[in-house]
Amino acid sequence: MPGPADTDIEVGHLATWQLSTARPCFGVEQLRDNDLSTFWQSNGSLPHSITLQFPVRTHITRIALYLDIGQDESYTPELLTIHAGDSLLSLQKIATQEFTNPKGWQTVSTLDPARRRPVELFVLQIQVHSNHQHGKDCHIRQVKVYSPTRNKGQDLMSYTSLAFGMASTLR
Numbered sequence: 001m002p003g004p005a006d007t008d009i010e011v012g013h014l015a016t017w018q019l020s021t022a023r024p025c026f027g028v029e030q031l032r033d034n035d036l037s038t039f040w041q042s043n044g045s046l047p048h049s050i051t052l053q054f055p056v057r058t059h060i061t062r063i064a065l066y067l068d069i070g071q072d073e074s075y076t077p078e079l080l081t082i083h084a085g086d087s088l089l090s091l092q093k094i095a096t097q098e099f100t101n102p103k104g105w106q107t108v109s110t111l112d113p114a115r116r117r118p119v120e121l122f123v124l125q126i127q128v129h130s131n132h133q134h135g136k137d138c139h140i141r142q143v144k145v146y147s148p149t150r151n152k153g154q155d156l157m158s159y160t161s162l163a164f165g166m167a168s169t170l171r
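Last residue of the sequence shown: 171 (the UniProt record's numbering), numbering continuous.
Derived by calculation from the structure, the hints in this document are not laboratory data.
Only a predicted model underlies this, so the values are computations on that prediction, with no experimental measurement involved.
Built from N, CA and C at the ideal position, the CB exists for glycine as well.
Mixed in with the good hints, there may be bad ones.
[Claimed, not checked] Here are the computed distance ranges between Cβ atoms for each label pair:
id : residue 1 : residue 2 : range
1  : R57       : N101      : 17 to 27 Å
2  : P113      : S90       : 12 to 22 Å
3  : T107      : Q18       : 19 to 29 Å
4  : K136      : I9        : 12 to 22 Å
5  : T7        : S45       : 20 to 30 Å
6  : C25       : S45       : 36 to 46 Å
7  : R116      : Q92       : 31 to 41 Å
8  : P113      : R23       : 28 to 38 Å
9  : P148      : E73       : 19 to 29 Å
10 : E10       : G85       : 30 to 40 Å
11 : I9        : D33       : 29 to 39 Å
[What the hints assert, rightly or not] Heads up, simulated DSS-like pairs for lysine-lysine below, C-alpha to C-alpha not over 27 Å straight-line:
id : residue 1 : residue 2
12 : K93       : K103
13 : K93       : K144
14 : K136      : K103
15 : K136      : K93
16 : K144      : K103
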C-alpha cells in the first residue's frame, strides 16, 4: 500500500468506476481488490481511461497507481493525464505524469498548484496516452484515490465518518 499522509484517507470506494475498455475478468474489480497480482487490462486503441464519479463534491489530494514494468513490460503506462470537473462535459486537465520503468506505487499529486489545496471535483478521470515500448493495451494493478480528512479540532460540526462528512455539501 502507498504510504498515505497522516491526514489522507482513501475514498475510491465512494465513487462509481467506469473503464474505457476492459478484457473479460480484468476490470474494475481487479483494479480495486488490493491484490497486486491482479490488474485491469484495457482492450482497444489508446487513449485508455478510468473514470470515477463521486456522489458529492470531493476534495482529492493525490492518486496512487501500482505499476510493474518487470511483469507488464509493454503493457505498462508511460504517459498519463489526470482530469477533473463537475461533470464528464467539464473535465479539465490538472496533471500530467510520465513514468520511466515504474515498479511499485506511483503517486500523482492533484493539489492545485496555485493554492496548494486539494482539487474539488465530482468527476475524476485518468487517461493513459502511451505505454512503454509502444504497447497498445495497458495494465494497471491498483488505483487508490486520497482525500484529506477534516481536522476535528477546528471543525464546528465534526462528523463521525467520512460518509457523513461528504454528505455535508449540496450538489
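Review point. Hints broken by the structure, by number, lowest first?
Key: The structure breaks hints 1, 4, 5, 6, 7, 9, 10 and 11; every other hint is satisfied.
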